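A.B. asks: Next come the chains, spelled out residue by residue.
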Amino acid sequence: VRAWAFAARSLVRQPGRSGLGILGVAAVGALLFDMLLLSRGLVVSLERILATAGFDVRVIATDSPFLYGPRITNAAAATAAIAALPEVEEVVPLRFGETTAAGPGGRELKVYFLGAEPGSRSPWTLVAGRDLPATEEPWLVVNPNFARTFGVSPGGRATLRGGCTREGEALPPLTFGVAGIVEFPFDENAALTAATRLAGFRGLCGQHRADEADLFLVAAHERHGPVAAVKAIRGLRPDLHAFSNEEMVERFQQVGFSYFRQISTVLSSVTLFFGFLLITVLLTVSVNQRFAEIATLRALGFSRRRVVVDVLCQSVLLVGAGGVLSLPLGLLLATWLDTILRALPEIPASLHFFVFHGRALWLQGGLLGLTALAAALYPMRLVARLPIAATLRDEVVG
Amino acid sequence: MPAGRRWPPSLLLVLAAALGPSTTAARAAEDEPPGILVSRQLLASERLAVGDVVSLSSDPSGTRPRAFRIAGAYEPTPDPARLGGASLEARLHLPDLIALTRDPADPSSGESVGAINVRLADPGDAEAFARDLSARLPGLVVRPTRPPKQAGDAFVVLDRFHLAIALVTVIASSIFLLALMVMLVDERREMVAVLRLIGLRRRRILLQVFVEGLLIAAAGALSGIVLAAALQGGFNHFFQWRYDTALVFVRITPSIVWRSVLLAVPLGALASLAASWSLLRRGILSLARR
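Here the protein sequences line up with chains V and F, keeping their order.
Note that my numbering gives residue 210 to position 205 of the first sequence, counting from 1, and the numbers run on in steps of one.
Note that my numbering gives residue 1586 to position 154 of the second sequence, counting from 1, and the numbers run on in steps of one.
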């Protein structure tokens, strides 16, 4: 009988313990798989969002944490200078603020407020109505939450309370026409978000220090690519900080996502150790109980190598079956854990913590394979050193 | 550190500490730079020392710098929301910060502050005080420094996440335990047969197995707690080193210990009972393999 078939029969002969072993590996494997998804989930998710946002380069005033540092001054001149670079196709300056608007029942609700100067491309996706018109009259594009909460639709009007910057001045409210409903790539789940042109933003938020921007979104020219665009911007304005999407992800990876990466590393290690322990104990006890059987097989002519391979095959079958079962279990568990974590404040609705990626699958397979091998080492050693005559005398005759 | 070193403002999150009257006015020598405090992390990253004179500017290009003397270093209040980001901070006296950041084109910029901290005679009144003040001054956002835990609070969410992970771990451990107990009980099959043959009833043997399981589970739970307590310091030291923070990441409290014991001991005892039950249901001859 071939080693695999023999090992499978040994496992089937004891369905209770084999089933529990496979279930145990499946549970441990599911957790391991989830931790592997978590280790790069945010990065993969952010990469996808940035890739679909339509801009390759982001420019900020300093290298301090995003939106904590000072703004870009003389923004209009900087926008024009950067847009004139041959490596750059388009520049969209952005301002961020927070304001309020009277919601149902007169309750003041927080509204994320953006000022932007979109050209041929916008930092949002149009869902209904039209994009911001380039007129003097103040117009808004709003997200679906805003439209639903305040009961507005394209062609309607919305009034926002004045004063929306970090300085928090109290200014008169302003009524905007609603041009369209859009989706913002970094919107939170329940966020009420509205955007207008920079003139409208200044109108609502105050005129002083008007020529400023929090961020430039830059689309690199297709011929040159984002790396060349970043280099050109750094050459033109060494006082500003330009980052390609890859650099942004790298930056977030080092700072913002570090905690979850560390957690996933710790839990993956603990989980692997736990799995190793589980399989080692199962195989060792199983081998101990089969000493008589193994000694008999050896006496019948099975080679030492053959019985050792049998133990290894059993380990691989247990871990393999558990590993296969762990994938759907892990995906289900990941959906649950992702739902829990996405309730964190200030997390964009399109950002996910657990994202499937091929690397996780290969790593899962490799790590479980190593665990199967490592867990089988001790019972393999026991089997290899088993004295045939003494064991037969003790276990069978005795 | 050379005197007058220009400090990239991009590195700074400048915090004003309203510590009383302006030091500018009280300063004995007019040309003596005002004192500031810098965070331990900033001191280390820029290789500064107490007594050094540094230049600060509110403009990214470093224009209109002002000289300050480092009067001391402080450990920033650990902020989990900024985990991973270096706390490159400085604390200035409020009048000094206002003078540094004032916009000449905007006279009101010298009259505004970002926030006012209020110390109440009775901290228990914080909620009511915040409500009252919000009603009286509608333009202000007033909130207690310790807001009640809400569903969307970052710590509540992380707590729920860790609980979910713990639940999965408990399920995996229970399966592991059950598999182990099944094998251990199977090993004692002949002994159980002998006990049955000499007249011990199923219930008596089950009680014995239950007590054994209870003792093993209690010993296991105790070992787990001792191991966790031993690893606690290592975890905290590693993460505190990794993130350069004074935050405590793992803290084993009596409540956590009790919760672990209350979960682990009954689970262990139940696993031994469940594993034994299948064996005890068999007939004596089957157990004795006759």
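These aren't lab readings, by the way, just hints derived from the structure by calculation.
This structure is a prediction, so every number in the text was calculated from the model and none was measured.
Mixed in with the good hints there might be a few duds.
Said to hold, decoys possible - According to the in silico footprint, chain V covers these stretches of chain F (three or more CB under 8 Å from chain V):
| # | stretch |
| --- | --- |
| 1 | 1521-1530 |
| 2 | 1609-1623 |
| 3 | 1694-1705 |
Said to hold, decoys possible - Okay, derived cross-link-like pairs now, SDA-like style, lysine to any residue, Cα gap no bigger than 20 Å in a straight line:
| # | chain 1 | residue 1 | chain 2 | residue 2 |
| --- | --- | --- | --- | --- |
| 4 | V | 115 | F | 1575 |
| 5 | V | 236 | V | 91 |
| 6 | V | 115 | F | 1565 |
| 7 | V | 115 | F | 1553 |
| 8 | V | 115 | F | 1563 |
| 9 | V | 115 | F | 1585 |
| 10 | V | 236 | V | 267 |
| 11 | V | 115 | V | 162 |
| 12 | V | 115 | V | 91 |
For every residue, glycine included, the Cβ atom is placed at its ideal position computed from N, Cα and C.
A.B. asks: Indicate, hint by hint, whether the structure satisfies it.
C.D. replies: How the hints compare with the structure:
Coverage of a stretch by a chain is defined here by at least three residues with a beta carbon nearer than 8 Å to that chain's beta carbons; for the stretch 1521-1530 of chain F and chain V the count is 0, and the condition is violated. For the stretch 1609-1623 of chain F, the proposed coverage by chain V is satisfied: 8 residues have a C-beta within less than 8 Å of a C-beta in that chain, meeting the threshold of three. Coverage of the stretch 1694-1705 of chain F by chain V is violated. Counting CB-CB distances below 8 Å, 0 residues qualify, and the rule asks for three or more. As the CA atoms of residue 115 (chain V) and residue 1575 (chain F) are separated by approximately 15 Å, the hinted pair is consistent with the 20 Å bound.
Distance restraint check for residue 236 (chain V) and residue 91 (chain V): the Cα-Cα separation of roughly 12 Å lies within the 20 Å cut-off, and the hinted pair is therefore satisfied. A threshold of 20 Å between alpha carbons decides the hint, and for residue 115 (chain V) with residue 1565 (chain F) the separation of about 19 Å falls inside it, so the pair holds. Between residue 115 (chain V) and residue 1553 (chain F) the alpha-carbon distance is near 31 Å, which puts this suggested pair outside the 20 Å criterion. With a C-alpha separation of about 18 Å, the suggested pair residue 115 (chain V) and residue 1563 (chain F) falls inside the 20 Å cut-off, and the hint holds.
Taking the CA atoms of residue 115 (chain V) and residue 1585 (chain F), the gap is near 17 Å; set against the 20 Å cutoff, the hint holds. With a C-alpha separation of about 32 Å, the suggested pair residue 236 (chain V) and residue 267 (chain V) falls outside the 20 Å cut-off, and the hint is violated. Only pairs whose Cα atoms come within 20 Å are accepted, and residue 115 (chain V) paired with residue 162 (chain V) is accepted, the gap being roughly 18 Å. With a C-alpha separation of about 41 Å, the suggested pair residue 115 (chain V) and residue 91 (chain V) falls outside the 20 Å cut-off, and the hint is violated.
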